[in-house]
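Chains as they are written, first to last, in full-length UniProt numbering: chain A, 1 to 436; chain B, 1 to 293.
Fair warning: there could be bad hints in the mix.
[Said to hold, decoys possible] DSSO-like cross-link-like pairs, simulated, lysine-lysine; straight-line CA separation at most 30 Å: (1) A:K404 x B:K97; (2) A:K420 x B:K58; (3) A:K159 x B:K140; (4) B:K58 x A:K237; (5) A:K262 x B:K58; (6) B:K58 x A:K278.
I should point out that these hints are in silico values taken from the structure, not numbers from a laboratory.
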Amino acid sequence: MAYRKTVASVVAAAALLGTSTASFAATDITWWHAMGGALGEVVNKISADYNSSQDACNLTPVYKGGYEDTLTAGIASFRAGEQPNILQVFDAGSATIIGAKGAVVPVQDLLTENGVNFNIEDYISGVRYFYADKDGKMIGMPFNSSSPIMYVNEDALKKAGVEAPKTWEEFEAIAPKLKEAGYIPLAQSHTPWIFVENFMSRHNLQFATNHNGYDGAEGTELVFGPEIKAHFSSLKKWIDDGYYAYYGAGWNDNQAPFNDGKVAFWLGSSGSFGGVAKTVQFPFSATFLPYWKSVIDEGTNTFIGGAALFAMSGKPAEENKCVASFFQYLTSPEVQYMWHRETGYVPITNAAYELAKKDGHYERTPAAEVGIKQLTLPGGEWTKGYRMGFYVQIRDVMNRELGKVFAGEESSEDAFATIKSEGDKLLERFAKTTAQ
Amino acid sequence: MKKVQFDSRLTPYILLLPQLAIVAIFFLWPAAEAVRSSFYLEDPFGFGSTFVGLDNFKDVFADSNYGRVVRFTGVFTFCVTFFSLAIALVLAVKADKVIHGSSAYKTLLMWVYAVAPPVAGLIGIFLFDQHVGPIVKMFKALGWDMRIGVNYNDTGFAMVVVAVWKQIPVNFIFLLSGLQGISKSVQEAAAIDCPSGFRRFWTVTFPLLAPTGFFLLIINITYALFDTFGVIDVLLKTQPGDDPITLVYKVYQDGFRGNDLGGSSAQSVILMVVVFVLTVIQFRLIERRVHYN
Chain A
1 MAYRKTVASV VAAAALLGTS TASFAATDIT WWHAMGGALG EVVNKISADY
51 NSSQDACNLT PVYKGGYEDT LTAGIASFRA GEQPNILQVF DAGSATIIGA
101 KGAVVPVQDL LTENGVNFNI EDYISGVRYF YADKDGKMIG MPFNSSSPIM
151 YVNEDALKKA GVEAPKTWEE FEAIAPKLKE AGYIPLAQSH TPWIFVENFM
201 SRHNLQFATN HNGYDGAEGT ELVFGPEIKA HFSSLKKWID DGYYAYYGAG
251 WNDNQAPFND GKVAFWLGSS GSFGGVAKTV QFPFSATFLP YWKSVIDEGT
301 NTFIGGAALF AMSGKPAEEN KCVASFFQYL TSPEVQYMWH RETGYVPITN
351 AAYELAKKDG HYERTPAAEV GIKQLTLPGG EWTKGYRMGF YVQIRDVMNR
401 ELGKVFAGEE SSEDAFATIK SEGDKLLERF AKTTAQ
Chain B
1 MKKVQFDSRL TPYILLLPQL AIVAIFFLWP AAEAVRSSFY LEDPFGFGST
51 FVGLDNFKDV FADSNYGRVV RFTGVFTFCV TFFSLAIALV LAVKADKVIH
101 GSSAYKTLLM WVYAVAPPVA GLIGIFLFDQ HVGPIVKMFK ALGWDMRIGV
151 NYNDTGFAMV VVAVWKQIPV NFIFLLSGLQ GISKSVQEAA AIDCPSGFRR
201 FWTVTFPLLA PTGFFLLIIN ITYALFDTFG VIDVLLKTQP GDDPITLVYK
251 VYQDGFRGND LGGSSAQSVI LMVVVFVLTV IQFRLIERRV HYN
């Protein structure tokens, strides 16, 4: 056995020597992510650039499939003691990983312990506390951050002789004209994210008890006021009048009609910007997510969507040092600006935002700034974020019940009653999983 | 007949060991683990877990949506089993009679067998796409405004069509070889006694096909319950929304997407019991009526 081990290590050493002498002494760290396609290429570029920027660490990014697959793979590997150093976890999964005390090293501790300057005020306001604990300590490093915004088909506006609406009241007023001009006025790609979660943030409405769930899983319950029920009643009415079209829970099914020029306004992610720009054949612009003037005078900032990077625990100190050094590299203005420019996700630090402004990025492409502007709007008590466990399933319940509302099978009132009862049940169950 | 005896009493067990080990590692152990975790609510990362007794099962049955999933699974399984067997039987009977170019026909009917379920799902997505799918356009021309992914029944219909299409070749291969296994002398004797081909089929050919049919019935029910997962997942684009799902898909959705290990385990235990009962019923009731030579 000992003999075999020696042979194996000699062979391994010889192989390493053969490839590169520079990386021989480097500490290897791995990063599991969910960025496929063009986004994955940018992730690979960031990793390669990081590796060539220094000699001490060697980062290997690994694509693990969609957000859910990546989280599940991360969990399975953690239970087997084979976790990666960095795991990308999406917004809806953040309560799961943050709730598991001891699964991650809080990014704020990681950075300060390894001598990296950390000031939470450096991060833009909409991003700052979304992945933080109840005391405001940052647990996950925000990575690909986006927010729902409204994309506008300029041709449609011209034909109908109208302007992009700021509020839903304005939308209601111009929708008949757009319909007359031959357009479907409205479509959107993610009902729970855009029409529920960010309905709450845009109108500064409470989403859950326990400060939207940040205070702890125990006793957290969903809160749905009359405003959101009225919103979905309006949406159903708009479907009947031909002002809004719902194409199911799939993202692309709802984006395709906009790309084809059939839909005037499409609510999507600020991160969709790059894809839309490459696909559409008509002039387009983007603007803030509309709000109901009757609910709030000025719409507040929205939540971020997307995902964060978590440093998994149970790793040797020198690997953690490398993770800290990579996070420092990743949050540098230049890298953030590159990420922002290439993908359309927002830059997460004020310095990176300033750099993008100074470089004239927003004069060239004004639509690229809408997401970050919306995230930095004045906030309120309920616009920090939300923290709920089993949230992936709660979103599934929302998609199911709200789909029934759109299909005319159920009233908005009944749908939210079901979402609340099933959602609260899930939250109660989640609280039990974390009880020791 | 000469009696064959092993030299040692241990030899047969040693020969059985690899198979038993596979059953134990890949079936018994995970099944026991599922039963155990169905009584717990567990933090996905494995830090804490609470014994909750039968609460997971109570929660499953209290869930208004679970009944809907059970109903759809029942309808789906029946439709997929019935149509894939019926269509394959018609095709096999017809193909059995073809003399010229029979291998070309058979190959054409069988090639779908080589298509993996997710690929079949993808092809289904192209055909049933709500914006550009040719099948959707065809039905629209006939006055059916099909909305896959939005309308519950339309999506269910698409799932059945793709699942049946994928399963026909397997049934076809087995039924055809079953038909070819029926001896010519029996068929010719029947032809002398009864001039009606239709009656001859139901009174002679069909009963002789029964062993194959029974085997296929079990295979098809298992297929519809479990192996259609790939087709369904791809057709739903991993976002079920208000669309129909089967029991297995719900286990996956809650366990692997939602990380609710306890609830998902409880569901898979329920599913295990259902399959166990089904198999017993099949062997007890139906097999008695099947004649093997």
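Given hint K140 (chain B) paired with K159 (chain A) - CA-CA distance at most 30 Å: holds (29 Å)
For the pair we were handed, K58 (chain B) and K237 (chain A), check the Cα-Cα distance against 30 Å. Violated, at roughly 37 Å.
Has the given pair, K58 (chain B) with K278 (chain A), been kept, meaning a C-alpha gap of at most 30 Å? With Cα atoms ~50 Å apart, K58 (chain B) and K278 (chain A) exceed 30 Å; violated.
Would the hint linking K262 (chain A) and K58 (chain B) be met if the CA-CA limit is 30 Å? violated (47 Å)
Taken at face value, is the distance from the CA of K97 (chain B) to the CA of K404 (chain A) at most 30 Å? violated (50 Å)
Verify the proposed pairing of K420 (chain A) with K58 (chain B), using a straight-line Cα cut of 30 Å. Satisfied, since the Cα-Cα distance of roughly 19 Å is no more than 30 Å.
In the structure shown, a violation is registered for the earlier hints numbered 1, 4, 5, 6, in ascending order.
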